[in-house]
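Protein chains in written order, with our numbering: chain A, 11 to 288; chain Z, 36 to 320.
Keep in mind that the hints were calculated from the coordinates and are not lab data.
Treat the hints with caution; some may be incorrect.
Said to hold, decoys possible - Cut-off 35 Å, straight-line C-alpha distance, at most; resulting in silico cross-link-like pairs (DSBU-like, lysine-lysine):
(1) A/K116 x Z/K96
(2) Z/K96 x A/K109
(3) Z/K96 x A/K277
(4) A/K183 x Z/K237
(5) A/K109 x Z/K210
(6) Z/K96 x A/K13
(7) A/K142 x A/K116
(8) Z/K237 x A/K277
(9) A/K142 x Z/K96
(10) A/K277 x A/K183
(11) A/K13 x A/K277
(12) Z/K210 x A/K142
(13) A/K109 x A/K183
(14) A/K183 x A/K116
(15) A/K183 x Z/K210
(16) A/K116 x Z/K237
(17) Z/K210 x Z/K237
(18) A/K277 x A/K109
(19) A/K277 x A/K116
(20) Z/K237 x Z/K96
To be verified - Output of the computed footprint for chain Z on chain A, the stretches with three or more beta carbons under 8 Å from beta carbons of chain Z:
(21) 21-27
(22) 169-178
(23) 186-193
(24) 209-215
(25) 262-268
To be verified - Covered stretches of chain A, as calculated for chain Z (at least 3 residues, CB under 8 Å):
(26) 56-64
(27) 273-279
Ideal placement from N, C-alpha and C gives every residue a C-beta, glycine not left out.
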Amino acid sequence: MDKMQIWLVLSLTLLSAFMLLPLVYIFNHAFKPLHELFLFPPTFFVEQPTMQNFYELLSLTESAVLPVTRYMLNSLIVTVLSTIGMVVLGALCAYPLSKHEFPGRKLIFGGILLSLMVAVETMGIPRYVIVKHLGLMNTYAGHVLPLLALPVGVFLLKQFMDQVPNELLEAAKLDGASDFGVFRRIMLPLVTPAMATITILAFQTAWNNAETSALFMQSDAMKTLPFYITTLTANLANNVARQGAASAAALVMFIPNLLIFIASQRKVIATMAHSGIK
Amino acid sequence: MAPFLLLFGTFIVVPVIVGILLGFTYFNSIEFPKWAGWTNYQMLFSQDIIFLQHIIPNTFKFALFVGPVGYVMAFMLAWLIAQLPSTLRVWYALAMYTPSLTGGLALVVVWQVMFTGDRTGYINSFLLNWGFIEKPILFTQDKDYLMTIMIVVSIWASMGLGFLAILAGILGVDKQLYEAARIDGIRSRLQEIWYITIPMMKPQMLFAAVMSIVGTLKSGGIGTQLSGMNPTPDYAGQLFMNHIDDYAFTRLELGYASAVSMVLLFVTIIGSRFLWYLFGPKEGE
Numbered sequence: 011m012d013k014m015q016i017w018l019v020l021s022l023t024l025l026s027a028f029m030l031l032p033l034v035y036i037f038n039h040a041f042k043p044l045h046e047l048f049l050f051p052p053t054f055f056v057e058q059p060t061m062q063n064f065y066e067l068l069s070l071t072e073s074a075v076l077p078v079t080r081y082m083l084n085s086l087i088v089t090v091l092s093t094i095g096m097v098v099l100g101a102l103c104a105y106p107l108s109k110h111e112f113p114g115r116k117l118i119f120g121g122i123l124l125s126l127m128v129a130v131e132t133m134g135i136p137r138y139v140i141v142k143h144l145g146l147m148n149t150y151a152g153h154v155l156p157l158l159a160l161p162v163g164v165f166l167l168k169q170f171m172d173q174v175p176n177e178l179l180e181a182a183k184l185d186g187a188s189d190f191g192v193f194r195r196i197m198l199p200l201v202t203p204a205m206a207t208i209t210i211l212a213f214q215t216a217w218n219n220a221e222t223s224a225l226f227m228q229s230d231a232m233k234t235l236p237f238y239i240t241t242l243t244a245n246l247a248n249n250v251a252r253q254g255a256a257s258a259a260a261l262v263m264f265i266p267n268l269l270i271f272i273a274s275q276r277k278v279i280a281t282m283a284h285s286g287i288k
Numbered sequence: 036m037a038p039f040l041l042l043f044g045t046f047i048v049v050p051v052i053v054g055i056l057l058g059f060t061y062f063n064s065i066e067f068p069k070w071a072g073w074t075n076y077q078m079l080f081s082q083d084i085i086f087l088q089h090i091i092p093n094t095f096k097f098a099l100f101v102g103p104v105g106y107v108m109a110f111m112l113a114w115l116i117a118q119l120p121s122t123l124r125v126w127y128a129l130a131m132y133t134p135s136l137t138g139g140l141a142l143v144v145v146w147q148v149m150f151t152g153d154r155t156g157y158i159n160s161f162l163l164n165w166g167f168i169e170k171p172i173l174f175t176q177d178k179d180y181l182m183t184i185m186i187v188v189s190i191w192a193s194m195g196l197g198f199l200a201i202l203a204g205i206l207g208v209d210k211q212l213y214e215a216a217r218i219d220g221i222r223s224r225l226q227e228i229w230y231i232t233i234p235m236m237k238p239q240m241l242f243a244a245v246m247s248i249v250g251t252l253k254s255g256g257i258g259t260q261l262s263g264m265n266p267t268p269d270y271a272g273q274l275f276m277n278h279i280d281d282y283a284f285t286r287l288e289l290g291y292a293s294a295v296s297m298v299l300l301f302v303t304i305i306g307s308r309f310l311w312y313l314f315g316p317k318e319g320e
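Generate coordinates for the entire structure from the input sequences, incorporating the hints supplied.
As C-alpha cells, this is what we get:
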C-alpha cells in the first residue's frame with residue numbers, strides 16, 4: 011500500500027461507517043428487549059441483548075394453523091426458482107440482442123428499456139386479471155412467472171456483452187463451436203461480473219417480494235415470508251404487541267440479502283483478478 | 036430468447052397496454068371502466084392545481100439534484116474503491132450499497148433520529164447547544180426543509196445497482212491499457228479516467244445513467260416516509276409517485292392515476308433519450 015491508498019482507506023472507512031448505520035441498526039434492533047424498542051429517540055445500540063424477539067416470532071404462530079416455517083419454506087422455493095430463472099432468461103435474451111443481427115432487434119430492446127420506466131402501479135390490475143385467467147392463482151408458478159421477465163437484467167447484461175469483441179466470438183466459431191457453445195463457453199465467463207450483479211438484484215427482488223402473495227395467493231399455505239411480515243407490521247403504529255417479533259423478522263429477512271451480496275461481490279472481484287479479454 | 040419474450044409479453048407488455056388504455060377511462064376499481072377519452076389528461080393539465088404547482092416543480096428539482104450528484108458520486112466512489120487492494124473491496128462495496136440493500140425501513144429510522152423535531156434529535160440538539168437556533172426545528176414537517184432533507188437522504192441511498200455496474204465496469208478495464216497509455220504520455224490519474232476508463236466502460240456508464248434517471252423520477256416514497264403522511268405537509272415533498280399513489284389507493288380513481296403515470300413515463304422517456312444522446316453509441320462506433 012502506498013501513501014495514497016492509506017489515506018483512501020481512512021476516508022472511505024469513515025464514510026462506510028456512516029453508510030453502514032442501517033445495518034448496525036437492524037442487527038441491534040432485533041436483540042433489543044421490549045422496553046428498549048420503544049425508547050425515543052431510538053437508540054442504535056442494544057444495552058441488554060436478548061433472544062426474546064426470536065422466540066416470540068416462532069411462538070406467534072404456534073397456535074395458528076400454519077407455522078412460520080411454512081412461509082419460510084415457500085419463500086425459499088420461490089426465491090431460488092425465480093432467481094435462477096431471472097438470471098438465465100436474462101442472459102439468454104441479452105445475448106442475441108447484443109450479438110445477433112435480426113429484424114426487430116432495436117424494437118425489442120427499445121420495448122425492454124421502455125418497460126423499465128413504467129410505474130408498477132399501472133400494471134397491477136391488468137396483471138391480476140392475467141394471472142387469474144391463466145389459472146396461476148395459488149400455485150408456485152403464480153409467484154415465479156410474473157417475476158421472471160426482468161428488464162433491468164437484460165439491459166445490464168446487454169451493456170456488458172456489447173463490450174466483448176466480436177472477433178473473439180468469431181474465432182470461437184471458426185474453431186467449431188456452436189452458437190450456444192459460444193454463448194456458454196465464451197460469453198458467460200466473460201460477463202460474470204454482470205451476472206453476479208444481476209444475481210444480487212434478482213435475489214433481492216424475489217426474496218423481498220410480498221406483492222404476488224398479496225394479490226395472487228388466496229390460500230395462506232402459499233404465501234411467503236415477506237407477506238407474513240407485512241401482516242405483522244401492518245397495524246403497528248400504535249401497537250405494542252409483536253414489535254419484538256417484527257424486529258426479529260426484519261433481521262431474518264435481511265440476512266439472506268446480505269449473504270448473497272457478499273458472495274456475488276466476491277465473484278465480481280475474483281473474476282477481475284484474472285480476466286484476459288480485450 | 037423466446038421464453039423471456041413470452042413472459043415479458045404476458046406480464047409486462049400486455050399490462051402496460053391495458054394501463055395505457057385505463058388512462059383514457061374513468062375507473063374506480065369496482066365498476067367496469069367507463070371510456071372517458073382525453074378527459075383525464077385535460078383535467079390533469081388544466082385543473083389539477085396540485086399537480087401543476089407542486090408536483091412538476093418538485094419532481095424536477097428533486098431529479099435535477101439527486102440524479103447528477105448521485106451519479107457522479109457513484110462513479111467517484113466506485114473508482115476509489117477500485118484503487119484498493121481486492122481484499123478490502125468487497126467490504127467497502129458492501130458499505131456503500133447498504134442503504135439500497137436495507138431499503139426504506141432503515142432509511143427512515145436512521146434519518147429520523149437525525150432530524151427528530153424536538154431537542155432529542157441529533158441535529159436539533161447540536162444546533163441548540165451551539166446556540167445557532169433558539170427553539171428546535173420540526174425538520175420533517177416544515178415545508179422549507181423537507182425537500183432539502185429528501186434530496187440529502189436520496190443521494191445517500193442512491194448507490195444502488197448503477198454503482199455496482201460502474202464498479203464492475205471499472206474493474207473490467209484491461210490493466211495493459213493503462214500501461215500502454217503511460218508509455219504514450221498520459222501522466223495524471225485524471226487523464227487516465229478521462230481518456231481510458233470512461234471510454235472503455237461507456238455501456239456501463241449509460242446503464243448507470245439510465246437507471247439513475249428512472250430511479251429518481253420513479254422515487255417518491257421518501258417524502259411520505261420522512262414526514263409520515265401522504266400528501267406531505269403543504270405538498271412540499273410531493274413527487275409524481277406520491278400523486279399517483281394518492282389517486283390510485285386513497286381516492287381510488289385508477290383511471291386518473293394511470294393517466295398521471297403515463298405522463299411520468301413520457302417524461303422519463305425524454306430524459307433517457309437525452310442521456311442516450313450524451314452517452315449512447317454514436318454512428319460509426
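Verification of the hints:
{"no.": "1", "hint": "A/K116 x Z/K96", "result": "holds (32 Å)"}
{"no.": "2", "hint": "Z/K96 x A/K109", "result": "violated (39 Å)"}
{"no.": "3", "hint": "Z/K96 x A/K277", "result": "violated (38 Å)"}
{"no.": "4", "hint": "A/K183 x Z/K237", "result": "holds (27 Å)"}
{"no.": "5", "hint": "A/K109 x Z/K210", "result": "holds (25 Å)"}
{"no.": "6", "hint": "Z/K96 x A/K13", "result": "violated (40 Å)"}
{"no.": "7", "hint": "A/K142 x A/K116", "result": "holds (32 Å)"}
{"no.": "8", "hint": "Z/K237 x A/K277", "result": "holds (22 Å)"}
{"no.": "9", "hint": "A/K142 x Z/K96", "result": "violated (41 Å)"}
{"no.": "10", "hint": "A/K277 x A/K183", "result": "holds (27 Å)"}
{"no.": "11", "hint": "A/K13 x A/K277", "result": "holds (28 Å)"}
{"no.": "12", "hint": "Z/K210 x A/K142", "result": "violated (53 Å)"}
{"no.": "13", "hint": "A/K109 x A/K183", "result": "holds (13 Å)"}
{"no.": "14", "hint": "A/K183 x A/K116", "result": "holds (25 Å)"}
{"no.": "15", "hint": "A/K183 x Z/K210", "result": "holds (27 Å)"}
{"no.": "16", "hint": "A/K116 x Z/K237", "result": "holds (19 Å)"}
{"no.": "17", "hint": "Z/K210 x Z/K237", "result": "holds (17 Å)"}
{"no.": "18", "hint": "A/K277 x A/K109", "result": "holds (25 Å)"}
{"no.": "19", "hint": "A/K277 x A/K116", "result": "holds (31 Å)"}
{"no.": "20", "hint": "Z/K237 x Z/K96", "result": "holds (27 Å)"}
{"no.": "21", "hint": "21-27", "result": "holds (count 4)"}
{"no.": "22", "hint": "169-178", "result": "holds (count 4)"}
{"no.": "23", "hint": "186-193", "result": "violated (count 0)"}
{"no.": "24", "hint": "209-215", "result": "holds (count 3)"}
{"no.": "25", "hint": "262-268", "result": "holds (count 3)"}
{"no.": "26", "hint": "56-64", "result": "violated (count 0)"}
{"no.": "27", "hint": "273-279", "result": "holds (count 4)"}
The structure fails hints 2, 3, 6, 9, 12, 23 and 26 (numbered hints given earlier, in ascending order).
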